[in-house]
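Chain residues, written in single-letter form:
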Amino acid sequence: MTDQFILLSAIAVPLIGAIIIALSGHSQNLRDSLMVAGATLGFITVLCLLPSVLAGNPPKASVIEIMPGLELSFAIEPLGMVFALVASGLWILTSIYGIGYMRGAEEKHQTRFFACFSIAIFAALGIAFAANMFTLFIFYEVLSISTYPLVAHKGDELARKGARTYLALLIGTSIGLMLPAMLVVWYMTGTLDFTPGGILEGKVERGVGAVLLLLFMFGIGKAALMPFHRWLPSAMVAPTPVSALLHAVAVVKAGVFTVLKVSIYLFGLEYLKELWSNDVIMWVAAFSLIAASLVAMQKTNLKARLAYSTVSQLSYITLGAMLASELSIVGGGLHIVMHAFGKITLFFCAGAIYVAAHKTEIPEMDGLARKMPVTMGAFLIGALSVIGAPPLGGFWSKWNLMLGAVDAQHSIMIAVFLLSTLLNIAYLLPPVIRAFLLKPAQSDGEPGIQEAPLFCLVPLTLTALGALCLFFLADPIRTFIGSIFPGGL
Amino acid sequence: MMSLYDQLPILVITLPLLAAPVVAVLPGRGKLPWLFATIASALTFLIAISLACRVMENGTIPYLLGNWEAPYGIVLSIGPLSVLMAIVISGASLAGLFVSLGGMDKEVPPPHQPLLYACWLLVMAGLIGIVTTGDAFNVFVFMEVSSLASYVMVANGPNRQALPASFKYLVTGTFGATFYLIGVGYLYMMTGTLNMADLSARLADVADTMPVLIAGGFLMLGLGMKGALFPMHAWMPNAYQFAPSPVAAFFAACSTKVPLFVMVRVLYEIVGHHLGSYGELLSGMMMTLSVIAFIVGSLIAIYSEDLKRVLGYSSVAQIGYMVLGICLGTSAGLTAASIHMFNHALMKAALFAAVAAVVVRTGSSKIEDLAGIGKKMPLTMLGFALAGLSLIGVPLTAGFISKWYLIKAILEIGPLGIFLTILILLSSLMAVVYIWKVIEVAYFKPTKIEIPDARTEAPVSILIVLWILVLANFWFGIDPEFVLSLARSEAVDVLGVSK
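Quick mapping for you: the protein sequence lines, in order, are chains L and D. When you number the first sequence by the numbering used here, it's gap-free, plus one each residue, and the end is 489. When you number the second sequence by the numbering used here, it's gap-free, plus one each residue, and the end is 1499.
Next comes chain D alone, as it looks inside the complex (with noise of 0.2 Å):
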């Protein structure tokens, strides 16, 4: 007798997949769609902590979905990093939905608002079934349902170069499913497979030979190109800029980082043995990337003139960040990317949630507009300091675990890790330098236009979303027990060494 308990597993997907077109056929006026979407978004995030805390617990979960056995049939398989991720992914929309709360009227009309709030609640379930599947192709079709959901949030923006935007995103994400499908193709024609497990077993056979080879290029392009990673990153500030502001917060906060998720799994447990001499090439010249990404993406960050542009690049600087991780092929590299896919949420979100609010009351995200902004809104500006402070990596703050965590992986590799080490803290004065630009604008520049003196404080729902993220961020800072255990086991479970 199988309890509602053992299928939590499966809920954590078809609950918002399910949810999605009963939030579509709701009436626009009034709060209902919200309503609606809010309550799927908060069962699935209890449920991933739920799932979190059995994870903990008992190590991964796998679960069959129909009861069919391993090979032939689907299976969910879900590790620590999983259940993080779902965490984080089902978060970051429960936080993006309270900004909606306040921030949505002002930049999507109410009769599109269903549809965009079942779009959101898509993109949700895609995303958690990407993290949970055990099964290559499965990754694809969730994939597929998240972009989809997200190409027409995009273009929900109240910008008309939102279309563009939207367009740029799809033209990049097909292409990145497609090469990621093709890579796909090559290992099931080498194995006959598409169970993780499987053809990881199976391609050991097979290893190094030329299909696999190409597999491999092409699953980590094509994921690359999703999780815009350097240089195949210019779709993601742009969708960033001109899609509604709390859809910006909830997908900067989780959208990217599940692509690289999938690399993790693609590099550590598919094909990542088996590429031969290659999978040091490989590795390489990803490094040589993410180390470009985070230099090129804090540099541009600096010269970005709107506020939302600056994050994106900003984004694009800390994938860097994961990448150099994730390749770096060590359990400390790997622990290192995971904490930092997590920590990298709580900063991300907090900022722009921040952003949204500065949106609702200006309308405007350009920095020069930013004028004066931390009289007028000072809960605000206040938090949208901190989260920075988080974002720069000062300690007590989550980022600075994330930096720490990563110096410490790379200072194992020896002395170019010395080389790198510089280049990171590189990146972290320049992200001083974007950061600061911003508090200095709103801070202590005398506005151009005499604004009344009085307070216009953001909404109450986009400030209480802000404070508790910013109060995650030192939380997480100061007792980061509960991301690094996941990591670590993350690590063990993959890499087969306990540290």
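Next up, chain L with everything else stripped away, as it sits in the complex (with noise of 0.2 Å):
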């Protein structure tokens, strides 16, 4: 009883954040204030949860059935209670960001910025609990429209016209494949729980799994598969701590989370190697994976390259999920948590630079680290940790998928792996060495560059010393994740 009430509560308290947030919006500091302390309070609870799940005694809730076999209820396993926890408690350090930035940044609408952001996470963590892909799917339709809001923040013409490409991917894709591959999951299994090893085994034809395994990796828009990535740069016009707390954490990795559930509980790993198809999304999953870090080279705005880079990093994900073997899921489960971390860090240095120097392009950013020595050096731990350089929490992420990669027989991957790497680097430090390494440009010697307010720079610290503390708390997470084989790893 009381564990499913605390189940139920942490889902339920950013929804009742984002009424407090809209009801307290005639008080700035009231609001944003509560919103902290509602951040605080949401990852508290989703941590309480964290020692009945690790006695291997996890919480059950079911709301209502609404017709049968299809239950709205929520359940933990290791993987769900990850990504929650990253969810919920980056949102502590967002929220906080977050008002440094938009009052920095002197944004308007913030009540609504701020309402839209906490329903976010509500659907986030709906996403992580979910028992079920009916469940799943509605708080993944949550999070695609409530997120939109966010993206279309600006109201111009730029930000309208990216925030419609934006829904109308993430809502095509998800009702056009996904939904159909739900439905007829139901209609041939009669039920849609999320279950070990699978509930497709001896109810459905290998010819149609596979057809249904390429509706769901394509349906799943969040993962960013291409062609169906182009919503994530388009989303960049959202103010800074969207995209960093929701196209670097929450929505990706909600796209990526669904994408791991579905291999593991819904087709079963040893039902998904049989299918022609996952050879298919595989080699998919490595082509997004090279060439968005291509892309990535290109761009000369920083967080378009830095959403390149994330979609490059999901498909690493989707590429472990596709290889279906336990370490490579271990590694993709981790690689949630590790690329969040890096990520988050960049994305919020990204949104200092802009808040405190105005600039969005690489080639503005020389010499900034002068000005800016703090931000630019969680950059470059950010940086790191996304490359997978030891000793940073992305480190441990890589070696797992590449162990998984051998172990699934598809040692090609692991030289997929070692190319993007190297891609990587050349595309997240040039900005770093330019930052440290060259003169400001002569003519405009802007004498009025310096830190960010502190609101946006503790954040940013924490989390890339938090990048760094998860290199030495890599085996405990990958223990957990590795609890839903049965008898570990």
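Please keep in mind that the hints were generated in silico from the structure rather than gathered at the bench. One or more hints might be untrue.
[Unchecked claim] 25 Å max Cα-Cα, derived DMTMM-like pairs, lysine to aspartate or glutamate:
id, chain 1, residue 1, chain 2, residue 2
1, D, K1031, D, E1457
2, L, K154, D, E1144
3, L, K108, D, D1369
4, D, K1408, L, D156
5, D, K1375, L, E157
6, D, K1445, L, E157
7, L, K154, L, E106
8, L, K161, D, E1457
9, L, K161, D, E1368
10, D, K1408, L, E157
11, D, K1445, L, E106
12, D, K1375, L, E205
13, L, K108, D, D1493
14, D, K1437, L, E157
15, D, K1437, L, D193
Put the complex together from the two separate chains, hints included.
Next up, the structure:
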């Protein structure tokens, strides 16, 4: 009973938070402090669930059965727990950062912004704890819709156009591809519950299963598999806190999280391996991984470069899921965490640079580290973590993914991972090198530039430190995720 | 000894019918006609609900008018779908009347209002008559009652264009009713009876003869015109656009569904089984039209500039879904169509209530004039957006339940089903586009002229109705048991399959 209550309230807290934010819009300080308090409370509630999950006794809660086999219900498993912890934990930092950023950049409609932000976190937690595909789908759509106002925030032609692409691709793929796949699964098996070992085995022929896999993988638009990745760069018109938490963590990770869930709990790894389309998706993911990196190198706008880098990193996880070995799945799960910390740091830095120096293009950033040493230092750490260099968290996820590739006897994928790592270096390090080593452009001395406000600076320092700590904390997380398989790793 | 309780089946028709002339003679100033019409509607609504409870317990209620035995006297036959439709009609009327409270004065001068409300009640009486009667000719009579009154209501619109719109409506409506009558005439010629149950029994002897085939064709054609099935839909978006907004809310929720209800009766209970090999051909044709309807309807909705027109064409599309479900000829298809009739009423009534509120405050329903309205009327536009989600078919809304059942029914028919499913999903995506077009303008487009920042929220009566309907959309999306059980038992009654 109590565990159930905690589970439901963990999901409800951000929603209530959204209402409180909307109601307290008249006083900026009150609203913002309530928001941070709500975020902290949300994280603590999620944290309270951890002991019972670790004890192997995860809580379940069923809200209502709408139709036979279609239930709105929640259950926790390790992967969801990790995702929920990451999303709700980073939300605290992002809300603090958001305050600094939105005030610093003098954005309008802040109440709408923060309220929708809160709803998006609510949706992310719903996705993390969903006990079946139906529940997950509902929250998936809530997430798409609640983030639309955030992307369209500025309201000018560019923002509206970007938001249109964003919504069209996300809703289009989910309703056009994922929903029919769900329907067919439900029609053929009578259930959509996430079950260890999958639900398709013995009920759906391999041929149909292969088509379903294609529908699911392309239908989960949030995983940004090419050619449905365009929404992510489009979403970069949003204010940076959105790009940081939602488009580096909550939304995109919800996508790859869904990919993992579908692979493990609907298809089942054994079943998945035998489908012909498994190889197709694997190669599409490998292609996305390399191609997005190449595109990222061409981008001179910092946020656009980071966006394409995210597209590439998401494909790591999809690829990990398609390799369908236990190690690669664990690697994918780890990558959700590691990439989250690395990428959010990078986005925080990009935002801090925008707020403090109003710069968005990489060539403008020459010598910036002299003015903003902390920010650029954090950027370096974030970049190294995304690249996967020790001693940073990103190292372990790539390590496990590569082991998984060997395990699944797809050794060629190691080459893909390595090539992409080289490309990562090629596009993530130049901004740092420019900032630290080059001289600032002579013409505009710009004496006014200094570090961003503390509200921005503290969160980005903390996430950078987090990326560092994760290098040493990787093993408990790895074991924890590994416990989804009977007998562990 | 018969109590009043036993007379409820006839009261549900006669109450509004008798109230109508009273409303017509009430003084135009003040709210008296409105109040009287509202009370009549509310009572009718309550009667409909009590009938629904009875039907859910005991099954179809037969009622003999004047106690004349069945084939000779007139019977009312109130089945599960009848009560569902009666609830929709009287509920829509009630909702529309509450919208009128805040919105009618702006569009119709008070001296005209008593007559308008009298017609309103006549429309309701006629529509309920159609869904409850068990007599094929009575359907025509009630159809005329409701149609004539609705032409008047549309013609009362604030714009001069209301007159041509009403005329278009009149021409199509009259053609439709005449075709229906011709069909009934042929059936009478062949069987000598008008009672539906009797017709069905006697038609077995003359099945697959030319007059019966012709009757089937005329009946479906007439009902298609009345029900605005593509390509006979042109009157509908026009009528909705130029009618007074509260009237549009009332009509959009129920008036085109009633002919579809008759279509169910005709196809499943009267001629459907007696057309021989042509039965398949007929339903195949109807299915083709319905598929075109939901693709073309959605497409035109995307390119429409006026909010009411967008919703009108969206109705064309939604009617396509319903006809598709009806023409599948399976129990699952009929269930899906019945569910969608109810759910679509909920969403369209909510959307039109929101539009009525916008018209009250801004005087326009052009989409480009909506810029910035999200800030001025936050509650109204939030209601619109949520009802829009239901129209799109997002999970947890009533619209999702409809689509889910429809797709499930379609998948049962085999490979063609997969193709149709894709088309339905495509049409849903188009719904995203036309709803979002409105949302984007309302919330994110900067206003051309600087408007005062103050909120000018809709009149309270409209807001209450709007939000009740919006919440109902979610309620029936989360707990659809009530609608489901009625729809299923209708399918069982009609097709004799239990599932």
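Each hint tested on the structure:
no., hint, result
1, D/K1031 / D/E1457, "22 Å, holds"
2, L/K154 / D/E1144, "54 Å, violated"
3, L/K108 / D/D1369, "23 Å, holds"
4, D/K1408 / L/D156, "42 Å, violated"
5, D/K1375 / L/E157, "19 Å, holds"
6, D/K1445 / L/E157, "9 Å, holds"
7, L/K154 / L/E106, "11 Å, holds"
8, L/K161 / D/E1457, "29 Å, violated"
9, L/K161 / D/E1368, "17 Å, holds"
10, D/K1408 / L/E157, "40 Å, violated"
11, D/K1445 / L/E106, "19 Å, holds"
12, D/K1375 / L/E205, "53 Å, violated"
13, L/K108 / D/D1493, "59 Å, violated"
14, D/K1437 / L/E157, "14 Å, holds"
15, D/K1437 / L/D193, "35 Å, violated"
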